[in-house]
Each structure stands twice: as structure tokens, then as C-alpha cells.
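Visitor: Chain residues, written in single-letter form:
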Amino acid sequence: MNCQKKIKKEIVLRIIYKEGKWMAFNDDISVSGRTLEDLDIKLKDLLKKIFKKGTKIKIRMEFDYNTLPFWMTQYQPYYFYRIVEYEI
Amino acid sequence: MVEEVREEVKEAEPWEPIESKLVFGSIVAGIIAMIVLAAIINVFILTKY
Amino acid sequence: MAEERIEERKWYSGMFSTEDWWAFWIGTLFVILGIIAAATHTELTGWIIKFNTWVDISKAMGPAHKGIMSPIAALVVSYIIFTIVTLIGAWAMKWKLRDYLAAWTIIFILTVIAYIIGKNAYISAPSTKWEKLGIESGLQLGGAHYILALIIGLIIGNLAPKRFKEFMLKGARPEWFIKIAIVALGAKLGLKALEAPGYATHLVVAGMCATIAAYLLYWPISYYITRKYFGFSREWAACFASGISICGVSAAIATAGAIRARPIIPVMISAIIVIFATIQLIVYPPLLTKFWFNEPISAGASLGLTIKTDGADAAAGAILDELMRAKAESKGIFWEEGWITNSAILTKIWIDMFIGVWAFILAVIWVTHFERRPGEKVPKIEIWFRFPKFVLGYFFAMFIIMILGFSGALSLKDLEFGLKPVEGALRKFFFLLTFTSIGIVTDFRELRKEGIGKLALAYAIILFLIITPLGLFIAWLFHHGMEPLPAK
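Residue numbers (the working numbering), protein chains in the order written: chain G, 19 to 106; chain V, 22 to 70; chain W, 2 to 489.
Straight-line Cα separation of at most 25 Å, DSS-like style, residue types lysine-lysine; simulated pairs:
#1 LYS36(G) <-> LYS450(W)
#2 LYS11(W) <-> LYS74(G)
#3 LYS76(G) <-> LYS11(W)
#4 LYS71(G) <-> LYS378(W)
#5 LYS36(G) <-> LYS97(W)
#6 LYS450(W) <-> LYS39(G)
#7 LYS27(G) <-> LYS67(G)
#8 LYS95(W) <-> LYS36(G)
#9 LYS378(W) <-> LYS39(G)
Calculated directly from the structure, the hints in this document are not laboratory data.
Can you build the whole structure from these sequences, using the hints too?
Guide: Set out below in C-alpha cells:
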């Protein structure tokens with residue numbers, strides 16, 4: 019995916035919590051923040067650099083369930099799936 | 022892990038009115054549900070046993 | 002950074018990649034096999050290994066349908082088929098197959114050993130059956146096989162070398178095993194409903210009503226106490242309250258996800274939930290049998306309202322069923338097996354089903370009041386993502402059997418031919434696999450970890466002083482006077 023040339027309105031990211039930080043990433047972008055607010059701000063700043071002004075972006079963040087201990091995953095198969103919408 | 026717990030204890034937010042609403046609302050709903058549903062079950066089901 | 006393509010989540014996501022769905026698939030597969038066997042009178046389920054109370058060890062086990070093969074053949078066939086179906090699930094879930102196969106095989110063997118020893122007549126038979134079995138004395142430890150399997154698991158979980166324990170965790174999946182067994186239990190309820198539709202319906206409805214009342218009271222009380230008296234932050238208090246009030250580990254994870262909590266929180270709370278659930282599983286059934294024998298169904302339902310994991314609740318229900326019936330038999334009363342277990346599971350299943358709704362409500366409250374993040378939405382489909390899918394299997398099994406039976410498509414005798422091995426032998430074996438596995442995943446050493454003490458203290462106080470007494474009262478309020486149906 020070349021985000022510079024091809025504007026996309028939907029982005030799917032994987033999100034994890036590691037070493038005191040939330041990290042959201044896919045093959046092209048990666049951001050981290052101590053809180054989700056912090057993460058969202060950094061992500062927005064990053065997207066501003068990639069997309070044109072006025073672009074509406076829907077970001078889907080699927081929590082990577084494999085980061086939970088294996089013994090726990092049998093109890094509940096789902097953590098969260100954030101949907102955040104911005105207009106650049 | 023230990024730090025996480027300690028940090029939480031230190032950083033517990035003050036109680037907010039919305040929490041009172043949530044707790045109070047749920048308890049009231051629970052008591053009403055208990056009375057109404059128990060009445061229904063006791064009248065229509067448990068009298069048979 | 003990403004190892005595989007990240008896909009957008011759809012309503013059907015996880016259908017072949019979660020244990021919850023795989024419990025549905027496997028449980029439903031055996032129920033359907035049972036129905037086909039009922040319709041065609043073929044031995045599609047008769048091979049399932051069944052364990053008996055024994056004096057002569059050659060009669061300790063055999064196929065569910067007597068005489069269709071030797072006991073050893075039934076054991077081997079059961080091992081092969083159960084291994085294949087769970088391996089398919091493990092493969093679809095991308096587990097390390099070799100590790101799972103090895104750990105599962107060890108658990109299977111240990112469970113068989115516990116079953117055989119525990120079912121020895123001198124250990125478990127009640128005095129009313131001594132004459133029939135040709136013995137003159139015995140320990141009368143009803144449910145000894147359950148306790149034995151649990152002890153074996155606990156030894157591995159707590160005393161075995163760390164590497165071996167870690168290895169065994171790859172096959173010790175108590176929630177998976179119990180969910181498969183619960184789907185099979187749905188078949189039992191369906192068969193029983195054909196004989197006593199009124200009683201089965203009453204049990205289902207009373208269980209649902211009790212759950213609603215308990216739910217709405219447990220959560221706010223637990224939340225208030227942890228916030229006000231233990232100084233927990235909102236994030237911790239909400240996850241803790243859900244864990245202790247609703248459905249244990251499952252609820253703690255669901256709530257943590259809903260309020261976007263850091264995953265460390267449900268991880269720590271879950272370690273405590275599992276330990277206390279095991280303590281309850283050991284302590285509650287004998288206490289209830291001793292002090293609440295006159296209310297067997299209320300006692301069963303109270304387990305569903307107080308024990309917070311499906312596995313431990315169902316396991317406790319099975320022990321209570323054995324103990325209550327053994328005590329009843331000593332008084333000349335003969336109750337049918339399974340009703341007390343079903344009462345324990347029905348309250349639990351309703352609780353499980355509502356977690357998605359409750360988590361959604363919390364998610365909305367959190368996003369709108371506590372942590373407003375611009376642009377973030379709470380999709381309603383999260384309710385479905387958190388809905389326990391194995392419950393669909395339980396109700397599918399129950400309703401399909403009722404439809405087939407009441408419509409006259411299949412007679413009760415035919416249905417029993419095909420489904421008895423599933424709702425009886427298979428269910429009981431998976432129950433016992435659950436006991437062994439619960440022991441393995443329960444690590445009492447977790448309590449010694451620094452930082453856990455306060456959580457454990459709060460958990461113990463609320464569980465034993467609030468949840469349990471309230472659960473007993475609500476169970477009684479909605480089930481008093483009900484007794485299991487008499488044995489045929």
C-alpha cells in the first residue's frame with residue numbers, strides 16, 4: 019500500500035499493549051501512546067501527513083488477542099475492536 | 022505488574038455523580054426485577070411444587 | 002511488523018478460530034450424530050466410552066451401547082475420535098498441534114485413570130447399592146472420580162516442574178471441554194423435556210429470572226465496595242465487579258475490552274477468579290449437601306449464581322448432583338441424575354448470555370462520561386462478538402430434540418438410542434476432562450505474588466460475604482420447593 023499516492027478512507031490496524039504503551043500498527047504505519055487518547059492524537063498527526071485535508075478516515079483497530087496469556091483465551095474470545103473516525 | 026497495582030491505588034479517581042447514578046440505578050432495577058420476577062415465578066411456577 | 006494480513010472484523014469472524022465456536026461445532030456434531038443414529042438405528046454414538054461402578058475391573062468401562070465392541074476397543078476408538086475432532090479445532094485455531102496432542106493425550110490418560118479408580122465400588126458406591134454390587138463395606142465417597150481428577154490436575158498445576166506445567170497448559174482447556182459438555186447437556190434437557198416439558202420449562206424460566214435479579218444487584222454492590230473501601234480506580238473496579246458478579250474470567254475480559262482497559266487488569270483479576278472458583282468447587286457442594294439438602298434445585302441454582310467460571314460451576318454442579326442423590330438414596334428417595342447439574346448450568350448460561358449487553362452498556366457509559374475520545378464509536382455488534390456461542394449449541398440441541406420428539410418424527414426410544422451416549426457418556430467424560438484441566442490451570446502460588454494480596458482480599462470478602470449469601474437467597478426465592486424428578 020502506498021498511502022502517499024493512493025488515498026484510502028478506511029484503515030485497519032492491529033493494536034496491542036506492550037511495556038506500558040498502546041501500539042497500533044499495520045504493514046505501513048505504526049504509532050504508540052501511553053493512553054488511547056495519546057495514541058489517537060499521534061495517529062491523527064501521522065494521518066495528516068499522509069492524507070489530503072478534508073479526507074474522512076475510518077480507522078478500525080482490532081486488539082491482537084494473541085498477546086493475552088494462552089490459558090485465558092478459552093474464557094472469552096474477544097477483547098475489543100475500536101472504530102475511530104476522523105476528518106483530516 | 023506490582024507497580025501497575027500500586028499506581029492504580031494511588032491514582033484512583035474521585036467518585037463521580039455518574040457512578041452514583043450507575044450504582045443506584047442498577048440496585049433499584051435489581052430490587053424491582055427481583056420483586057416482580059419473584060412474584061411471577063412464585064405465583065405461576067413454584068406453587069406447583 | 003505484522004505477521005499476517007489484518008482483516009476487518011465481521012459478524013462471522015472467529016467462527017473457526019475460537020474455542021467458543023469450536024465448542025459449538027464439536028458439541029453440535031455429536032448431537033447431530035446422535036440424531037442420525039436415532040433416525041437410522043446405526044451405531045454412530047454407541048462406541049463412546051462409558052465408565053461404570055465396578056468391583057471386577059474388567060467391568061469398569063465399556064461402550065455406551067453394551068456389546069458392540071470390547072471395553073479397550075471403545076476406549077481406543079473414543080480416544081481416536083475425540084482426539085481427531087479436538088485436533089481439527091486446534092489446527093483451525095493455529096495451535097501447535099504436536100504440543101496440544103501430547104498434552105491432551107496425557108490429560109486423557111490421567112482422566113481415564115481417575116475415572117476408573119474413583120468409580121471403584123468400595124470407594125464410591127452408596128450403601129444402598131452394596132448388596133447389588135456384592136460388597137459389604139465401602140467409603141461411600143460419591144463423586145470420588147471428580148475429586149481425584151481435580152487432585153491430579155492440582156498436583157500438576159502446583160507441584161510439577163514449571164516447564165512441565167507450562168507444557169500441560171497447552172492441552173488443559175477446561176472451558177473448551179466444559180462448553181462441549183454443556184452442548185451435550187442441552188441434549189439431555191431436550192430428552193427430559195419430552196418426558197416432563199413443564200418441569201424443564203420451569204427450570205429454564207426460573208433460572209433466567211434469578212439471573213437477571215442477581216446480576217443487577219451483584220455488580221453495583223461490588224463496584225461500590227471496591228471503589229469506596231478498597232480504593233480501586235474505575236478501570237480496576239469495573240473489571241473486578243464484572244468478574245466477581247457475572248461470569249468470572251470471561252466477564253473480566255469482556256468488561257476490560259469494553260471500557261478499553263489495559264490487558265494487565267483482566268490478566269491479574271482472572272488469576273484470582275480461577276483460584277477462588279476452584280476453592281468454591283471443592284467446598285460448596287459438600288456444604289450445600291449437608292445444610293441445604295431440603296432444597297436441592299435451589300442449591301444447584303445457587304452454584305450458577307456464585308461460582309464464576311463455567312467449568313468450575315458445571316463441575317460443582319456435577320459433584321452436588323452426586324452428593325445430593327447419594328444422600329437422598331440413603332433416605333430411600335431416588336432422584337434422576339442431571340437435574341441438579343442442569344439447574345447449576347442454567348443460571349450460569351443466562352449470566353453468560355447477558356455479558357455482551359452489560360459490557361455494551363458499560364462501553365457506552367465509559368465513552369460518553371469517563372473517557373471521551375473524539376471520533377470513537379461503540380459498535381453494537383460488540384454485543385454479538387461477546388455473546389457466548391456455545392450457548393447456541395446448548396439451545397439448538399434442546400430445541401431440535403424437542404421438535405423431533407413432540408412432532409412425532411422420532412420416538413423417545415429412538416432419540417434415547419442415539420443421544421443417550423452423547424448426553425450421558427460423552428458429557429460425563431468431558432466433565433471429567435474439565436476437572437483434570439481445572440486443576441492444571443489453577444495455580445495457588447499466584448496468591449503469593451506481591452501486589453495480588455489486596456485484590457485477593459477484596460475478592461474473598463465480596464465473594465463470601467456478599468455474592469454467596471445473596472446468591473443463596475435469590476436461588477431460593479426463584480426455585481424453592483423444586484426437587485429433581487424421581488428416577489425411572
